[in-house]
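K.L.:
Chain by chain, the residues run as shown.
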Amino acid sequence: ETGVTQSPTHLIKTRGQQVTLRCSSQSGHNTVSWYQQALGQGPQFIFQYYREEENGRGNFPPRFSGLQFPNYSSELNVNALELDDSALYLCASTGQGFNNEQFFGPGTRLTVL
Amino acid sequence: QQPVQSPQAVILREGEDAVINCSSSKALYSVHWYRQKHGEAPVFLMILLKGGEQKGHDKISASFNEKKQQSSLYLTASQLSYSGTYFCGTDRGADGLTFGKGTHLIIQP
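Line by line, the protein sequences are chains A and V.
In terms of this note's numbering, the first sequence is numbered consecutively and its last residue is 304.
In terms of this note's numbering, the second sequence is numbered consecutively and its last residue is 458.
There's no promise every hint is true.
[What the hints assert, rightly or not] Short derived list, chain V residues pointing at chain A, Cβ under 10 Å: (1) 354; (2) 394; (3) 426; (4) 430; (5) 431; (6) 434; (7) 438; (8) 447.
[Unchecked claim] Residues from chain A shown here face chain V by an in silico Cβ test under 8 Å; the list is partial: (9) 232; (10) 292; (11) 297.
[What the hints assert, rightly or not] Residues from chain A that keep clear of chain V, each with C-beta distances beyond 12 Å, as calculated: (12) 213; (13) 253; (14) 273.
These are calculated hints, taken from the structure and not from any lab test.
Where a beta carbon is used, it is the ideal one built from N, C-alpha and C, also for glycine.
The shape of chain A in the complex, shown without the other chains:
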């Protein structure tokens, strides 16, 4: 069984730029959620995708957007980067609905200068 993978591992951008982060879900999982984890904090829910449709969103502005593809892999796009966007971005895949365990990927560390 293939685990959740994310790319890239690390990324450095400057304010105002755009970034795309990628996530491959665990084999057989059709739901992907994205989280932002600032240093010393718990993960904060950004949004969830189920069968290519956004299926729930946290308190993040529209410049955070996403996609899910037919193979259930997913992208997180962030436009007009701000310094506060510096964080670890985690994706998690789930098999059937939210009551099942979420498997987290290793994360992408984004630094905005």
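Dock chain V against chain A, hints included.
P.N.:
Showing chain V alone in chain A's frame:
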């Protein structure tokens, strides 16, 4: 609203027990517990669903009191490998998991 975890940090000797608490002001469908080591992804420990159930595996167990909207994680005879930050994630059905700020657990030999 973010669940409140207590304590914020705890230092134990190997073999001692620990309890980590998680409480919410909102009604919950389920509570999820994760452990995260420095520089790594959170690792799933267990889910507790509505019904006041208690679950466990190995020497880690948890309870969920849905009336009080509280959950507790019990670590028995702690091992060095238990060190890390423990997060509870609460699920209200539609907004993803809302995680607490975490409890830092340090196990000393």
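K.L.:
Confirm or reject the statement that residue 253 (chain A) sits farther than 12 Å, beta carbon to beta carbon, from all of chain V.
P.N.:
holds (17 Å)
K.L.:
Beyond 12 Å from every Cβ of chain V: is that where the Cβ of residue 213 (chain A) lies?
P.N.:
Answer for residue 213 (chain A): holds, closest chain V Cβ roughly 15 Å.
K.L.:
Verify the interface restraint on residue 434 (chain V): the C-beta must sit less than 10 Å from at least one C-beta of chain A.
P.N.:
holds (9 Å)
K.L.:
If you take the shortest Cβ to Cβ gap from residue 438 (chain V) to chain A, is it below 10 Å?
P.N.:
Holds, about 8 Å.
K.L.:
Hint validation: residue 431 (chain V) versus chain A, beta carbon distance must be below 10 Å. Holds or violated?
P.N.:
Interface hint status for residue 431 (chain V): violated (18 Å vs cutoff 10 Å).
K.L.:
Holds or violated: is there a CB of chain A closer than 10 Å to the CB of residue 426 (chain V)?
P.N.:
Given a least distance of 24 Å, the restraint on residue 426 (chain V) is violated.
K.L.:
For the hint on residue 232 (chain A), just tell me whether its beta-carbon gets within less than 8 Å of chain V.
P.N.:
Since the shortest Cβ distance to chain V is 6 Å, the answer is holds.
K.L.:
Please check whether residue 394 (chain V) passes as an interface residue: C-beta within 10 Å of a C-beta belonging to chain A.
P.N.:
Interface hint status for residue 394 (chain V): holds (9 Å vs cutoff 10 Å).
K.L.:
Under 8 Å is the threshold here; is the Cβ of residue 297 (chain A) close enough to any Cβ of chain V for the hint to stand?
P.N.:
holds (5 Å)
K.L.:
Taking the closest pair, is the beta carbon of residue 273 (chain A) still more than 12 Å from chain V?
P.N.:
Since the minimum Cβ distance to chain V is about 22 Å, residue 273 (chain A) lies beyond 12 Å and the statement holds.
K.L.:
Restraint: residue 354 (chain V) near chain A, CB-CB cut 10 Å. Satisfied or not?
P.N.:
With a minimum Cβ separation of about 8 Å from chain A (threshold 10 Å), the hint on residue 354 (chain V) holds.
K.L.:
With a cut-off of 8 Å on the beta carbons, see whether residue 292 (chain A) makes it to chain V.
P.N.:
Hint holds; residue 292 (chain A) Cβ to chain V Cβ min 4 Å, cut 8 Å.
Comparing the model with each numbered hint stated earlier shows that hints 3, 4 and 5 do not hold.
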